[in-house]
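*Asks:* Chains as they are written, first to last, in this note's numbering: chain A, 1404 to 1591; chain B, 3 to 604.
If you're looking for bench data, these hints aren't it; they were derived computationally from the structure.
Among the clues, some could well be false.
Capping the alpha-carbon separation at 25 Å, the derived lysine-lysine pairs in DSS-like fashion look like this [unchecked claim]: (1) Lys-603(B) with Lys-1419(A); (2) Lys-47(B) with Lys-35(B); (3) Lys-603(B) with Lys-387(B); (4) Lys-223(B) with Lys-1414(A); (5) Lys-544(B) with Lys-47(B); (6) Lys-189(B) with Lys-1520(A); (7) Lys-1419(A) with Lys-1456(A); (8) Lys-1520(A) with Lys-1443(A); (9) Lys-387(B) with Lys-47(B).
This is what each chain is made of:
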Amino acid sequence: MAQVMSERNQKMHPHKFLLWVAIGSITMMFAGFTSAYIVKSNQAGWVPVQLPKIFYLSTVLILLSSGTIYLAQRMFKQREMAKYRLLITTTALIGIAFVVTQLLGFSELWAQNITFKESVAGSFFYVIAGVHGLHVAGGVVALFVMFFRAFSTSTRYYSSTPVDVVSIYWHFVDILWIYLFVFFLLVA
Amino acid sequence: MSIETTHVHQSGVSHEAHHEVHHGHHHETFLTKYVFSQDHKTIAKQFLITGMFWALVGGFFSVIFRLQLGFPDAKFPWLEDLLGEWARGGQLQAEAYYALVTMHGTVLVFFVLTAGLSGTFSNFLIPLQVGARDMASPFMNMLSYWFFFVASIVMLSSLFVQTGPFSGGWTAYPPLSALGQASPGSKVGMDLWLVSMALFVVSSLLGGLNYIATVLNLRTKGMSMTRLPLTIWAFFFTAVLGVLSFPVLFSGFILLIFDRHFGTSFYLSDIYINGQALPNEGGSAILYQHLFWFLGHPEVYIILLPAMGMVSEILSVNSRKPIFGYMAMVGSLFAIAILAFLVWAHHMFVTGLNPFLGAFFVLLTLLIAVPSAIKVFNWLTTIWKGNLRFTPAMLFALGFVSLFISGGLTGIFLGNSSLDIHLHDTYFVIAHFHIVMGVASMFGMFAGIYHWFPKMYGRYLNNTLGYIHFWATMIGAYLIFWPMHYEGLAGMPRRYYKYDIWESFKQFGTLNQFISVVAVIVFLVQILFLLNFFYSIWKGRKVTTLNPWSANTLEWTTPINPGHGNWEGEIPEVHRWAYDYGKDGKEFIPQTTPVSADESKH
């Protein structure tokens, strides 16, 4: 009996588990997008798109933010709340910087006459990277919720689950972008 | 140490639950109890009743277009009163016909047999049968219903726009769905269709995430995965299928939206419309079909698996025998779930698909016959020499098995890429998927409603009306769809408005009339069922025992009208699987009964 009960205790928090299933679901959406891209790229009349250099910057930014949220999570667990506040704020700001960099990249590409009407490869890139950007933006919203919780004076939060959930999601959108970036560089 | 910490954990849970129940009595208003409820049982009923509304609407659409198919030259003045311009002079217009066919498909596949079936019974049964107080996230569960509700409103509103709802078939293939100039239905009707479907996908995903998390995380003590009732296994695999395939459909929809409104060419290339060349270059309409059917085929099993699970449970309970081959049942559900993702191109054999590639899809498609046959075999051996109780639920479950066999057999014909050249897009296909997926799943849903109505409302449905409902629907379903096989074999194409220019199809004139008349009768019988349902909610015979069917599963250990939280005290502990019927001379042994020392092994 004790065994059964302790087994129950070790189970993952339902919210964390929900997130993992959702990650599987989001992965399938991008698998759909990128396989459509592969199918199209093998057909006649396909003109690949050269990605502007600014996307390397955005890749560095999002990698950096994964690092800061990792540290934030550690600080939270050690109850170093001042450092935690600083790191969570930094992560949110880098997240915004990432979205802005992506938009700059889009406009640079658009200026090269790679538009919806002119380029199928370009359209794919805008849609896929754009949908990824929306997921990052969703993560930024979650980070802001954490931000306001961290600075709240009326309530103190001790459970690390919300921090864990946001952190897992943030690492996921990071890895997703690395995948997409490498994918667009290779399947050209 | 571990015992100590877990004790704290356990008592924490029960405190929380007590608090919740207590809390509920004081602050529940009409709004939080019946409208924005977070109780999985109420949400299940919301899904069920919304699904019933859609079934009525979608079924009525089929009645109208069946009138056109059965009596193409007759005039129905009442139709003009009802539909106005759509039925000018009492005759259904071609555009309206296509719109009705499209809406019938969309509504029945997604709103009735996905949301209405899995939304109802996954919600209702998962927490009750695994022993949980509610879903992993009751709030997300509530959102899931309300997304579905808004999707319903948007879809309903598309019926009332001037250019009509979308009319290019439920599969919404481009270019018909991508170009507003293509048909009246492709204008604002299609936009509403896409918005509604996007909301629907969100609803399904929110629901599916919850079902998976609840089954894996919130089972009560002793409820190991292999002690789960087969219903739960079926809902679990259904949710996995949905969570993995709906996002792909969503990506396809996003590309379609861009093609419609932002001038991209994902699906469009080399198109002349009304004598004008479009600038779109480099797209591929087939790409959409790949994305669509990657969902579309698993969708078939999303519809069918819940019905299979409930039928397994109902057959076992009403045969007073354990389910035959429990692990084989789980294994075949798993095999079907895997294969569901590997057969989508059998919907596309005639799109110019590489015949070499087609051969693999034929092989994988025919492989589905193996797990399907295992399931049929196990259902038949479960009822073999059983003490059958012919309740309406049992009859519908038996009807399901019958329909699944006869519809499944024609699937073997259609899975062959060479036979498909002749049979694709004919009435043979209509007959096949209506029997095996549409009517069979509908039977599974009816079986579920008759069986769990006492748990839902604490009252019984009227049995006599139930028997009338069953026999009329069973006979009617075969009378409607069986003749369509002959029409299809003769090459009669589906989706056409009129067949009078073909000499070869004139022989089917009276047969079509016959089908239409039966369709009207079967539709009226369903209204009888609805009357029974709503009458019984308030006036039905009251349930007086906790366990009216003498079943083993956990939902029958709750109070007759369970509140939010399901069990009043502690959640019961589970000691055995759900199918100990007729064991050691006992008629049934509930899952909560501890295994006694002198008990034989199962």
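*Asks:* Taking the earlier hints as the rules, which of them does this structure contradict?
*Replies:* Numbers 1, 7 and 9, in rising order.
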